[in-house]
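> Below are the chains, spelled out letter by letter.
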Amino acid sequence: MEENKAKIKQFLMRFIRKPDLDDDDDIFALGFVNSLFAMQLVMYLEKEFAIVIENEDMSLDNFRTIHRMLAFIEAKTSAK
Amino acid sequence: MIAIQFEFTADQYERQCEFQAFVDSAIIPYAGRHDKEERICPEVLETLRASGYLGAMLPKAYGGMGLDYVTQGMLNEQLGRGCSSVRSLLTVHGMVALAILRWGTKQQKDDWLPKLASGEAIGALALTEPHAGSDAKSIETTAELTDDGYILNGQKKWITMGQIADLFLLFAICDGKPSAFLVERSCAGFTSKAMTGLLGARGSMIAELTFDNCPLPTTSLLGQVGTGLSHIALFSLDYGRYTIACGCVGLAQACLEASMNYASQRRQFGELLQEKQLIQKMITEMTVNVKAARLLCYKAGYLKDVGDPDSIMETWTAKYFASTIVTKAASDAVQIHGANGCHSDYPAERYYRDAKINEIIEGTTQMHEWLIASQEIRSYHVDSR
Ligand SMILES: Cc1cc2nc3c(=O)[nH]c(=O)nc-3n(C[C@H](O)[C@H](O)[C@H](O)COP(=O)(O)OP(=O)(O)OC[C@H]3O[C@@H](n4cnc5c(N)ncnc54)[C@H](O)[C@@H]3O)c2cc1C
Numbered sequence: 001m002e003e004n005k006a007k008i009k010q011f012l013m014r015f016i017r018k019p020d021l022d023d024d025d026d027i028f029a030l031g032f033v034n035s036l037f038a039m040q041l042v043m044y045l046e047k048e049f050a051i052v053i054e055n056e057d058m059s060l061d062n063f064r065t066i067h068r069m070l071a072f073i074e075a076k077t078s079a080k
Numbered sequence: 001m002i003a004i005q006f007e008f009t010a011d012q013y014e015r016q017c018e019f020q021a022f023v024d025s026a027i028i029p030y031a032g033r034h035d036k037e038e039r040i041c042p043e044v045l046e047t048l049r050a051s052g053y054l055g056a057m058l059p060k061a062y063g064g065m066g067l068d069y070v071t072q073g074m075l076n077e078q079l080g081r082g083c084s085s086v087r088s089l090l091t092v093h094g095m096v097a098l099a100i101l102r103w104g105t106k107q108q109k110d111d112w113l114p115k116l117a118s119g120e121a122i123g124a125l126a127l128t129e130p131h132a133g134s135d136a137k138s139i140e141t142t143a144e145l146t147d148d149g150y151i152l153n154g155q156k157k158w159i160t161m162g163q164i165a166d167l168f169l170l171f172a173i174c175d176g177k178p179s180a181f182l183v184e185r186s187c188a189g190f191t192s193k194a195m196t197g198l199l200g201a202r203g204s205m206i207a208e209l210t211f212d213n214c215p216l217p218t219t220s221l222l223g224q225v226g227t228g229l230s231h232i233a234l235f236s237l238d239y240g241r242y243t244i245a246c247g248c249v250g251l252a253q254a255c256l257e258a259s260m261n262y263a264s265q266r267r268q269f270g271e272l273l274q275e276k277q278l279i280q281k282m283i284t285e286m287t288v289n290v291k292a293a294r295l296l297c298y299k300a301g302y303l304k305d306v307g308d309p310d311s312i313m314e315t316w317t318a319k320y321f322a323s324t325i326v327t328k329a330a331s332d333a334v335q336i337h338g339a340n341g342c343h344s345d346y347p348a349e350r351y352y353r354d355a356k357i358n359e360i361i362e363g364t365t366q367m368h369e370w371l372i373a374s375q376e377i378r379s380y381h382v383d384s385r
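Residue numbers (the numbering used here), protein chains in the order written: chain A, 1 to 80; chain B, 1 to 385.
There is no bait here: all hints are sound.
In silico lysine to aspartate or glutamate, EDC-like type, Cα no more than 16 Å apart, as pairs:
no., chain 1, residue 1, chain 2, residue 2
1, B, Lys-106, A, Glu-54
2, B, Lys-157, B, Asp-135
3, B, Lys-106, A, Asp-57
4, A, Lys-5, A, Asp-25
5, A, Lys-47, B, Asp-305
6, A, Lys-76, A, Glu-54
7, B, Lys-157, B, Glu-140
8, B, Lys-36, B, Glu-349
9, B, Lys-328, B, Glu-285
10, A, Lys-47, B, Asp-308
11, B, Lys-106, A, Glu-56
12, A, Lys-7, A, Glu-48
13, A, Lys-47, B, Asp-310
14, B, Lys-109, A, Glu-56
15, A, Lys-7, A, Asp-23
16, B, Lys-109, A, Glu-54
17, A, Lys-7, B, Asp-308
18, A, Lys-9, A, Asp-22
Here are the simulated distance ranges between beta carbons:
no., chain 1, residue 1, chain 2, residue 2, range
19, B, Thr-365, A, Asn-34, 12 to 22 Å
20, B, Ala-188, A, Ser-59, 27 to 37 Å
21, A, Thr-77, B, Gly-197, 49 to 59 Å
22, A, Asp-24, B, Glu-140, 35 to 45 Å
23, B, Leu-199, A, Glu-3, 48 to 58 Å
24, B, Thr-364, A, Met-13, 28 to 38 Å
Here are a few chain B residues that sit away from chain A, every Cβ distance over 10 Å (derived from the structure):
no., residue
25, Ile-4
26, Gln-16
27, Ile-28
28, Arg-33
29, Glu-37
30, Pro-42
31, Ala-50
32, Ser-51
33, Pro-130
34, Lys-157
35, Ala-194
36, Pro-217
37, Ser-264
38, Lys-276
39, Thr-364
Worth flagging that the hints you see were computed from the coordinates, not collected in a lab.
For clarity, every value in this text was computed on a predicted model and none was experimentally measured.
We put the CB at the ideal spot given by N, CA and C, even for glycine.
When you get a sec, could you build the whole thing from the sequences and use the hints?
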């Protein structure tokens, strides 16, 4: 879990100017990301965690915060 | 940072030779006609269907060829060398197919992917409207949810293959949010009007589409309401941009080859043009730019094949570079041909007109300049924090 969190944070830091990003900060509400980010995030999560993000997973709520991303990855990998 | 692999596999190399031979024999002989008649000849459409290339981007499980992105890039480069309109067909058709593959429900995939792979159905992408071009968020077409499904109203313009497509990946505002729909040509209330008189890529069979109270089943929604631009259009346009960039490399290569042929035959002042240093300078610039653009395309393709998120920006970079160098290459090709470059007896004038279109479609040159700079500035400040 901690390892996954560190990986996600490292990826987000490439796009987000907030070194003290909290695990519950809403990255979309904070307005840090541009229009390309959603696709970049999808590609990153799929590649890094070997998951497939499908139609029914598209809700931004799965990706708003580091915590939610971790929960989503957890659910995806345990469902495999 | 990911390194890129420069060596082709035996399969990629074989495919490249195959695409080259296909374009030489089945596309180039028709390219002038496509331009004059403002359509793709029915026999070329048939050959394309039979070749399987309309399913190049789809997995074998759906009847596609299952080509990797680098190999698809080679195909688009070769098609771009032969005929920009045919390359456009593959671009828009692939954008629809891949959006369904990526975000479709099982039913949508089963219904459409085999037909798109075989070319039984042709796909087209309907985003642009009379009042919404670069600013895609301001589209006015609406899809209103009712008890029986959606009711679609609005107009689309400049839609490549709009004259013949069977299936449109269409973007509309639903519940205040941009959303994507799969709309069949046969749907009630749909009309299309052919647009003629294009500058270049004249065989693109562009149309203006009108949707007047078109009833759509709920199953026509692709993805979720609100994800139409952020996920679906962006994903489709990323493939579109990649294939256009590769097509530009092919077109620039055609400009270079035509220029070298002409310069090796035409004599002025007692010497072949190819002996003149000012002509050599133009040939050098074309050669170097084509090589650089091709490398950017291979890099974007490689990053796509390994699923790297940087592939998205690398594709913007490749499309920007390739589409700007091809207009320069085509302009120089006309210059080298002199008066012959201004007449349809030689392909240079068609290349010149076709080239310019690439700076307008899938994001104009200015949209690229805006996005690439803002992305670069952002990552520079993040990195140097
Ligand atoms: C041959 C062809 C095929 C096409 N095929 C399709 C298709 O299949 N499907 C589809 O949906 N659309 C298609 N289009 C439409 C195409 O995507 C649009 O033309 C393109 O997005 C640009 O929009 P526009 O023409 O409305 O120009 P505008 O957006 O009005 O732009 C006009 C000029 O202003 C510049 N500009 C705009 N905003 C800014 C800004 N913020 N800063 C600086 N400069 C700016 C642009 O770069 C451009 O130079 C096609 C167009 C052509 C010509």
